[in-house]
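Number of protein chains: 2
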Amino acid sequence: MSEKALTYLQENNEILLKKLAAFLSIPSVSTDSIHKKDVGAAANFVADYLTEIGFETVEVQQTKGHPLVYGEWKGAGNDAPTVLFYGHYDVQPADPIELWDSEPFQPEIRDGRLYARGSSDDKGQVFMHLAVFEAFMKTEGKLPINVKVCVEGEEEIGSENLYEILEEKKEQFEADFAVISDSGMVDSGQPTILYGLKGFTGLEFTLTGPSSDLHSGIYGGAVRNPAMAMAHLLSSLKDDNEVIQVAGFYDGVEDLEQEERQLIKEVPGEDYSKSTGVKETVSEQGYTAKEHTMARPTLEINGLFGGYQGEGTKTIIPSSATAKLTCRLVPGQEPNRIQDLLVSHLENNVLSGVTLDIKREPLSAKAYKVDPNHPLIKKAASSYTKAFGKESVFVRMGGSIPVVEWIDSIYHMPVVLLGFGTPEDRLHSPNESFPLENFHKGMETLVHYWEAVKEI
Amino acid sequence: MSEKALTYLQENNEILLKKLAAFLSIPSVSTDSIHKKDVGAAANFVADYLTEIGFETVEVQQTKGHPLVYGEWKGAGNDAPTVLFYGHYDVQPADPIELWDSEPFQPEIRDGRLYARGSSDDKGQVFMHLAVFEAFMKTEGKLPINVKVCVEGEEEIGSENLYEILEEKKEQFEADFAVISDSGMVDSGQPTILYGLKGFTGLEFTLTGPSSDLHSGIYGGAVRNPAMAMAHLLSSLKDDNEVIQVAGFYDGVEDLEQEERQLIKEVPGEDYSKSTGVKETVSEQGYTAKEHTMARPTLEINGLFGGYQGEGTKTIIPSSATAKLTCRLVPGQEPNRIQDLLVSHLENNVLSGVTLDIKREPLSAKAYKVDPNHPLIKKAASSYTKAFGKESVFVRMGGSIPVVEWIDSIYHMPVVLLGFGTPEDRLHSPNESFPLENFHKGMETLVHYWEAVKEI
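For the protein sequence lines, the chains are A and B, in the order given. The first sequence begins at 111 in our numbering and counts up by one. The second sequence begins at 111 in our numbering and counts up by one.
For reference, chain A alone in the conformation it holds in the complex (with noise of 0.2 angstroms):
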């Protein structure tokens, strides 16, 4: 019955896509708080599309962030599997804004690739799911499966609610294993499956020392600098060789097995200074960068600010200066532990004169790591073949999903983590964009992975 879906896919090329477009025009920032109404938006269009498929429960779950969007579909009857599909509808912010080619929130095709925030990470592979299921039902009348769908709208801070939600409706969302697209593939065209994620810690911290910017030739040398304790402060967490000097930082860090190095050896690089533009790529001490990006963890400045940012010359000593921190984590690091280890670090090191304020980020992740060898996930991988005409590679990635290690650790079911999205897409960077391409063969391989895991 495949062969139908996909027909069905390919006829309703331009349809789908301009159906996209309207998607991807809202956007859906739910960082910030001015683009409440538009995040509500984007959650009524899931809750809409999945009614006119025909999905016979459609449910916008409010919650005390963004409203969670449930559907579920249950007509292969009680002999087939259900599978929970998990995406989210919102979006990173725009901004850089004036770094964008077009408008962020105006999808544009220019040489094969739709331009638009969301078109990857994650609107764009949340719309390839329910397109698929549309071609099934349009063209079947049923789906392969039984499908429970759950599409969150705050995973780009987070995921604030869900897994309180997860863990109070237990029933509503158990499944057999879980599936998720908010990945990528290391090259494009290289079918790639995703067998480990990284946690997720941060904090955010002010130094203050005047009461007020300071005249720098009355008061230099009468008061601390905030953004010169700042630099200090900020340098003391890692050394010149990318170590994080942050006691304890590794402890329970597995150390990096042959096997496993020469598994990341295999998989193809990435020619960073074509997707980041880089001279020359930078990692710990004793690891390459892909070895450090896939399975070591990070500590990276995501923001800093103080002073005078204006045109021209400010001759002040700033009255505070900040920086927001965030941490990737692997097997081993309990985000809270590590969380905790900052903060020490902090205080401990802060220098005299100005006063610390710590502002916890209140979410984490642990890292997830799932067997390679499982029937789901080898299916997974010849669905990929099928649709891309290649063999897959299997892959650990730095990107943190929190809610691959809740549905791990609630409802013990095993997560399948098909990505389409490319190195060249840019995500959460200006000009983020999503390759036709894959449009396409993502949707073919969805198509072939539905109809492979009817028996398992």
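Any given hint might turn out to be false.
Put simply, identical chains are the same to the list, so a pair is met inside one copy or across any two.
[Said to hold, decoys possible] Derived pair list, reagent style SDA-like, types lysine to any residue, alpha-carbon separation capped at 25 angstroms:
hint, residue 1, residue 2
1, LYS469, THR316
2, LYS489, PRO137
3, LYS384, ASP467
4, LYS280, ASN188
5, LYS389, THR316
6, LYS488, GLY379
7, LYS279, GLU124
Because the hints were derived from the structure by calculation, they are not lab data.
Following the hints, put chain B in place on chain A, whose structure we already have.
Chain B in isolation, oriented as in the chain A frame:
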């Protein structure tokens, strides 16, 4: 004849304050190009006032930047000395605007203080001179001495075009001595003679890594974080004890003689916790805050920024990070040499994986010192004492007034720094203000001084 002038100033107090308020209402922010018109308006205000007073020559001289106002009155005759009065009508930006208790450009009197950007630095003090000239002309039809007035609009951006003008128009601006009121008293009601000013240099630098912000999960571990590289570079400039680590920075700096340390000790100490809100002062190892601010060089971060600065969390590696630095210099430190040393230090200490771009601050000033025993200085001290009823103290200060050094080097005439500001004025900060008492006693000081220097 000073009595009449003094009476005039008392009787016209209300009118003068209203006029000053109109002057302060013009947002003449020289560093921000959107205020270009306002800067011009402030220049015209000064020119119109000089004409009104009865100056024979009044010119608004256009420059490559903001205009300079020149005025001349030679009615005192060839036997009387000629003074060059210098001041500036431009002001610092008002931001962070949200920290002001009243509008920065809507002057307001609270608790005996006039609150407005420029009320102390330097529009308020310029206005005092003009009002005193008005008082003499209105009551006597003449001034005690010949006066040349030079009020520029670029002091807060380093007097970009003034040096050239002073050199080219030597005959026009030449005088027997110069008087400047762009400084402050060490304490409210404490007459203060400034006999030394610091020099100035600076630069801005940007570290660029990836060509755009990157997903910290996907690229963390592969590229150098420019914000972290900046933290390392900034922290290398100063140690924890506020000792500047730039090689050669202190070369040629004369040791602080015991005699001068004593002089500094006699200056009433500022209550920094009151004027700046800091719990403890921090200064160069081996020097008190007073010694460091008055007589030791400084290096300050005036502002820095990079990456995400908005609400919430954004898990990126920033594409770039920028910092603005300025130094205050003492005799023996040639500004261009110090700037070269800073540039070399940055180039030699920048980490791999980022590119360093340096914008050298085009403006600079040499440090200045004058003999506190010069008769013109002594007369200033006694005029102060007449008005404020207190002996003057002699201090050096960290502020830089390039014009002082230029007048000295081009005209070889003594510069008398008659400042009426107070430590509570919050120059360059939110809620800048000026005490009305100093407005009145300052004008009284000037009346006495012009009388006192009739014969020199």
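Legend entry - Non-conforming hints, listed in increasing numerical order: Hints 2 and 7 contradicted; others consistent.
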